[in-house]
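6 protein chains.
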Amino acid sequence: MDPTQDVDAVARSIRDMSIRGAGMIARSASSAISAYAGSWQGTNEREFLDELQRIARMLYSTRPTAVSLRNGILMTLRGVESEKDVPSMRERIARQSKEFTESAEMAREGIAEIGSKRIPKGSAVLTHCNSMAALNTIKKAFEDGRVEMVFSTESRPWRQGHVTARWLLDNGIPVTMIVDSAVRHFMRDIDIVVVGADTISANGAVINKIGTSQIALAAHESRVPFIVCAETFKFSRETLLGSLVEIEDRGPVEVADPMKPSDFKGARILNPVFDATPPEYIDAIVTEIGIVSPYMATEVIREMFEMEGPVTLEKRRSRINWL
Amino acid sequence: MDPTQDVDAVARSIRDMSIRGAGMIARSASSAISAYAGSWQGTNEREFLDELQRIARMLYSTRPTAVSLRNGILMTLRGVESEKDVPSMRERIARQSKEFTESAEMAREGIAEIGSKRIPKGSAVLTHCNSMAALNTIKKAFEDGRVEMVFSTESRPWRQGHVTARWLLDNGIPVTMIVDSAVRHFMRDIDIVVVGADTISANGAVINKIGTSQIALAAHESRVPFIVCAETFKFSRETLLGSLVEIEDRGPVEVADPMKPSDFKGARILNPVFDATPPEYIDAIVTEIGIVSPYMATEVIREMFEMEGPVTLEKRRSRINWL
Amino acid sequence: MDPTQDVDAVARSIRDMSIRGAGMIARSASSAISAYAGSWQGTNEREFLDELQRIARMLYSTRPTAVSLRNGILMTLRGVESEKDVPSMRERIARQSKEFTESAEMAREGIAEIGSKRIPKGSAVLTHCNSMAALNTIKKAFEDGRVEMVFSTESRPWRQGHVTARWLLDNGIPVTMIVDSAVRHFMRDIDIVVVGADTISANGAVINKIGTSQIALAAHESRVPFIVCAETFKFSRETLLGSLVEIEDRGPVEVADPMKPSDFKGARILNPVFDATPPEYIDAIVTEIGIVSPYMATEVIREMFEMEGPVTLEKRRSRINWL
Amino acid sequence: MDPTQDVDAVARSIRDMSIRGAGMIARSASSAISAYAGSWQGTNEREFLDELQRIARMLYSTRPTAVSLRNGILMTLRGVESEKDVPSMRERIARQSKEFTESAEMAREGIAEIGSKRIPKGSAVLTHCNSMAALNTIKKAFEDGRVEMVFSTESRPWRQGHVTARWLLDNGIPVTMIVDSAVRHFMRDIDIVVVGADTISANGAVINKIGTSQIALAAHESRVPFIVCAETFKFSRETLLGSLVEIEDRGPVEVADPMKPSDFKGARILNPVFDATPPEYIDAIVTEIGIVSPYMATEVIREMFEMEGPVTLEKRRSRINWL
Amino acid sequence: MDPTQDVDAVARSIRDMSIRGAGMIARSASSAISAYAGSWQGTNEREFLDELQRIARMLYSTRPTAVSLRNGILMTLRGVESEKDVPSMRERIARQSKEFTESAEMAREGIAEIGSKRIPKGSAVLTHCNSMAALNTIKKAFEDGRVEMVFSTESRPWRQGHVTARWLLDNGIPVTMIVDSAVRHFMRDIDIVVVGADTISANGAVINKIGTSQIALAAHESRVPFIVCAETFKFSRETLLGSLVEIEDRGPVEVADPMKPSDFKGARILNPVFDATPPEYIDAIVTEIGIVSPYMATEVIREMFEMEGPVTLEKRRSRINWL
Amino acid sequence: MDPTQDVDAVARSIRDMSIRGAGMIARSASSAISAYAGSWQGTNEREFLDELQRIARMLYSTRPTAVSLRNGILMTLRGVESEKDVPSMRERIARQSKEFTESAEMAREGIAEIGSKRIPKGSAVLTHCNSMAALNTIKKAFEDGRVEMVFSTESRPWRQGHVTARWLLDNGIPVTMIVDSAVRHFMRDIDIVVVGADTISANGAVINKIGTSQIALAAHESRVPFIVCAETFKFSRETLLGSLVEIEDRGPVEVADPMKPSDFKGARILNPVFDATPPEYIDAIVTEIGIVSPYMATEVIREMFEMEGPVTLEKRRSRINWL
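Protein chains in written order, with the numbering used here: chain A, 1 to 323; chain B, 324 to 646; chain C, 647 to 969; chain D, 970 to 1292; chain E, 1293 to 1615; chain F, 1616 to 1938.
Hints may be right or wrong, so weigh each one.
[As the list claims (entries may be wrong)] Quick list of in silico lysine-lysine cross-link-like pairs, DSS-like style, CA-CA up to 25 Å: (1) E:K1432 to C:K911; (2) D:K1108 to F:K1880; (3) F:K1713 to F:K1736.
Since the hints were made in silico from the structure, they are not lab data.
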């Protein structure tokens, strides 16, 4: 079978959302590249690299703002150009893809294991939006007898808090539902805040569901620990090179709800999906490789991409600009 | 006609919400007391005072958490016991009621006049919920060419922000609608925050719509001025004597919306109407008697009730406990 | 009997500590002055004023750092010089002394009544040292079902915390004893801090037992309310005129305990009795005249001494410098 | 001699700067009004008031941003309309003018007396710009053996710091000269900051020489006390009614110095004279009537203008809008 | 001689406290393992590893909360499983043990050398409890002419401050003794705070003698640098994997001192040994490998355990769970 | 030609300032060492190392406070001692010198590229003093349409702000000139602060032109991002080992300007060139290897000098103390 077709199929599925979720997208793309490489018949290294770059960019174009997709592709291909021939390249890709996908699969469990220990016994936990990394951590802590109550914000405009509340109830975990505005009012009753992340920036800022940053601010004001659960593939290499994370606006419908935007003719309606929480309000980021200070974000990124050691000119020159 | 009947009618109207709004409630109660006093036929001062106390308490019982009602009654009756005979008492009540109602009527305009000057030219203003004292201030500033844009929060769970947006549009004022969670994200684009108040406590804390305190916190973090527009009858004398302002919970329906609370069977749903903003996050309270530091709240209260001068025993003894 | 002898006796008793406690000292001095004035036989106003000044200064010299003594004397004598003859002066002194002593006696009860309402239901309260104003407030709140646990610091070097723990136990109030160093460690378990005061300064700083200011700092860091219970006679008029409150050093013995200072030959041993808590860490001062913001301290002082109204030259000139 | 001519002469002198200094301007205007009133020959009260208003406005127009001028005029004329006939009015004006001018003259000395006590023994004091109220306070403290060193900032763009350094040297007070940028670098060597004020706003903000607010910020960061020395006539009544203090821009020449603005053709050059220091960074304001918390500014203003007592309609109506 | 007996002897000595001190315990355990390995006679690698694990766990069980013991064992055994045969394993253990013990011995000197340079000339230094790493640093700085005075807290409940004061006096270093409550009162006289550490957590929190965190808070409030002297073996690998550092309670006797706990019958007496100082209050950690930001704690830990490079699955799988 | 003469010439040129600028100095010294090593004729490794050390120290002595010079020398010579013979040493020096100089040349461009992306579209940028790393970043951002206005401080006492304003005008970039004291006044109009650095310390403090730290403080107060543009050779290895960065005082002339210091006879005039900005006020350091948190400074330093991996004794012993 034509491996290019496989790649196309994966790309289509990502684009039409039949493959969803940060981890799933990344693993699918990594596997598709690996399968493609495994079946490539040529022997010319340059040609092979060109093909890989083409495939990589095509996959990447399906969700250019998904940092996990970007990372999955880059982790799979990193250093391939330094191999001496096509078979070694192929082998490296296969190994790196396997490592990445297995590691991504194991990440959530690792995070729950590690993060749950940060939750003191008898805690009231507050969470925002609907992050499975955060929820699995809370669930593990609940099973270990550490959680007494989970406060779940509504998380307007999508109300993912309703999904969260549902999931917690289904897992037998006591839940208190509040609106987003009530966070500071209840903060002194909270023992720890646990949230997820969309993207983690090189300067330690955590990009997550709109509202996260003001929860972090209120937690900080009351000396309540605030932790973020996130796989390492959420760390953005682009931000290491200066890029600001762009924040999508999802249009007026959700904000106007339950009215129609046209009911507010003439009004500007803004609907940013995410906001940025500065590192000074984050006590720890829980990743599958352990507890990380947000200020360590650059180290995590550089390590992921083997950017260690003195940055010699040679090193800088040898890098292929995959995406 | 029987003045007691009038009082009863007013009480009923307040209770069944046909008389609404902090100012309207207070003025109606004050006028009813004045009318009652004016038509009272007896000559015995003690009897008169007893009657007044009965009437006052009956009116007060219709909305015991409404600080404006309490203040309207107390301002109308204050010092009556020091008058020498019933006619003087009657006259004093009439005068004080007139003063109170006229003053309350003029207050909003005065606040708008004073407060609008605090808004710098070309401002983006953020408001929360739906306070007419705040909105009139913003409107006055807009008419003076000071306001370029008003950010209006949704103000879940009631969504009074929709009413605010509507009112601003109807008055030709540019409006941007955002969800409550987006406040900190946009804070650096805001020049001043203007809100109303439900009650102002003796220690300077402002009790207002749930969410106000986290907006104030975010404004403070970004050095954005935060002002409160409130008539002096919002200052609570009870808190001078230690009482904490109790915060009502309006039940689960609004929070669960658009689902039913039963859809989240087993979940606790909390819905506090107000929260308390500490004085350190408030730059100024705009009242009809001028700009007031929140730390001056006790002075405002003591002045309203003529509690000035050294607090001698005599003074303390002569007070009637009206409510 | 010779009233001067009475005054001498009171002075001696204050000096030799047989009359103790801020309130008791002040009331005794006030009564002694009143008794003296009541028995004075002359008719010359100037002579009378001179005598009063002499008596006042003599009493004051017994404990010149006790702000309550100072205030008791001044409140008793204030405005006497404006009376037209000796009998009026005498009467004024008698009235003012009665007012002061009755008011001081009623103050503690008033403070407990008012302050206890500031303690939320189910509270863990932390107190420092051994202030009866604070303890009576806590006891009242306990009786009203508001207090679940009281944390009592040791309050080195005197260990008044042991006395406090004893008193609480004797009153059936649950107590947790901790060392002074453990305050921040437990702060997130505390709902409110309640302490007393030695002196309150015009700029709102509260002078109280050494250690108070770092408790206030830790409370502020964790958004835990911090309130001070203090009679108005603790407010220092001298500080209004710029004086800094001097802080006594009680010598090395208590600090070296249980060793002897000579065991640390060559070491400097410092033992300040008090420290100053800045107003920004104090949520409210509870006095017998109600809740007061620390920033209102000057108003309290000016009102106590009838320093209100525009400060005309005439007013400034007419004041006798009693002490 | 024609009293109107006197008033004209005073107005001219203020305008052409031959009468200078906040206090001098205010006293001259007050005296001119008093002289004018004293020589007014008519008997019609309304006519007299009209004339007074005309004179007042004319004097005021010479320096409309000088809050001391405004206050001097208003303090001289306050309540005149409530007198029953022209002679009483005249007498009131004479009395109030005398009070104001004597009080203003005595203010500086009073401030030095009171403020110097706030400076601890052995202090290194930092001052900014060239405020005589601040410098006299420092000098008094130096004479009392409390000051060891005075840090004087350059105070660009005018370099009033050079004048300050000169004055200190002439008075035998040790001085250290630094540039404005070095303030934070030396802040931990400073024991107290003492500055003056141009205007004090109702919300407690102190308007003073550009740079004051960042010194206050740096002092606050290092827990160094920051005090402001200012006569009560620096408190602005207008701000009580909402007005923001407008900050003058003195044009590009001083900023470009020692070049010419034209050397930077195309550049925008901004030169604000003042900035606003928020009350949270100010420990105390030293006035001639004692130590005042900046949060008490409204009380000072209201008291100066006899705005005390409940604000009845009658009171509000009776006021003449003098300026 | 039976090497197992040696190990047993060391274990006993650690347990019965005849081997004491974080460094001594760790070095003894490391040497015991090395000696045991050196004398092991078998050739089967698996068997050897099992034996090593048994020995390691036995030693570890003697003081499971001592992070230095844990680290000494782990540093000695790390990577042993990757060696190809028993002799190589033996050699590696010997080398690593030598490295660890020599490095631990040299650490204190290195810390003193490095840390002393952080103390500015003419400093007043404050220290808490009795840390030799901190005291040697202070002594080195004193010898270099940098220290003028050392403030030593009492450090209730154990009063290790008395030991510290004694040691400083014996070394000819000027000392000022104060009670724990007086720290904030004197903080503005302090130039730098220097303390030791019991354990350093992955998120940068420093676990040290109760009271440390409120000293750090007070230092931060006054912009006084706060540094921690600690060998790298104080960094806890467990916390990298989420574990919270458990804080021992040493029972009521010390807190009740000089009374008996039974004198406070009915009182709860809490006596936590340590508290956690958050990284935001720590300017630098001085280790033998140089100055480290507390936020770098995870890097220190990962480097110590050669956890660098991308965390591949292979790496994760190969690790033996030694303890 | 005698290579020693070359080195002497370079040393002279650095000393007499004909070679200037942090980067130029460092590159010249590195090249001189490389040239010298390339022409060295001996074969004895020890002798060669001794010669290199002599040359290194001679070059270093020309500007011992220039961290770039120090780093250029150390980066050129690092690890040379581990090579087996003179030719390998020579080759290593040549390679490392080439790497260092090329990398230093490319750094500025890299910083501009990376840093410019951190500046949001439509920004008002504030800069201080005259840093080409900062200005090139701003220029790149301006070319990308991100900058609308640059605020340039005067930067007394040298007034490098005039040079900055000139350079910006010459590059067609809109500029606003203000005095140093006006920074906080305008801070709320600023979107981002971009400055350079003289030296970066191991604890993340940035040593830069006097005034930088108070700008950073004011930016932090208003939640305005503050970034530092600096080549990695600005990171100081000495500070890793505890050294405090000494801050030069440039004498009284510049401060007294335009007067003479003798015009202020008796005054102390202090003129520190730099101050230290703490890491908590710095959002990111932009280097040629990417965005770095200031808290990562030790990692940058350790990586530059290949100090990674566990710090074994062997490693510590093998290091030559080059300077």
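The hints, checked one at a time:
1. E:K1432 to C:K911: 23 Å, holds
2. D:K1108 to F:K1880: This hinted pair holds, its Cα atoms lying about 19 Å apart.
3. F:K1713 to F:K1736: 37 Å, violated
In summary, the structure is inconsistent with hint 3 from the numbered list given earlier, while agreeing with all the others.
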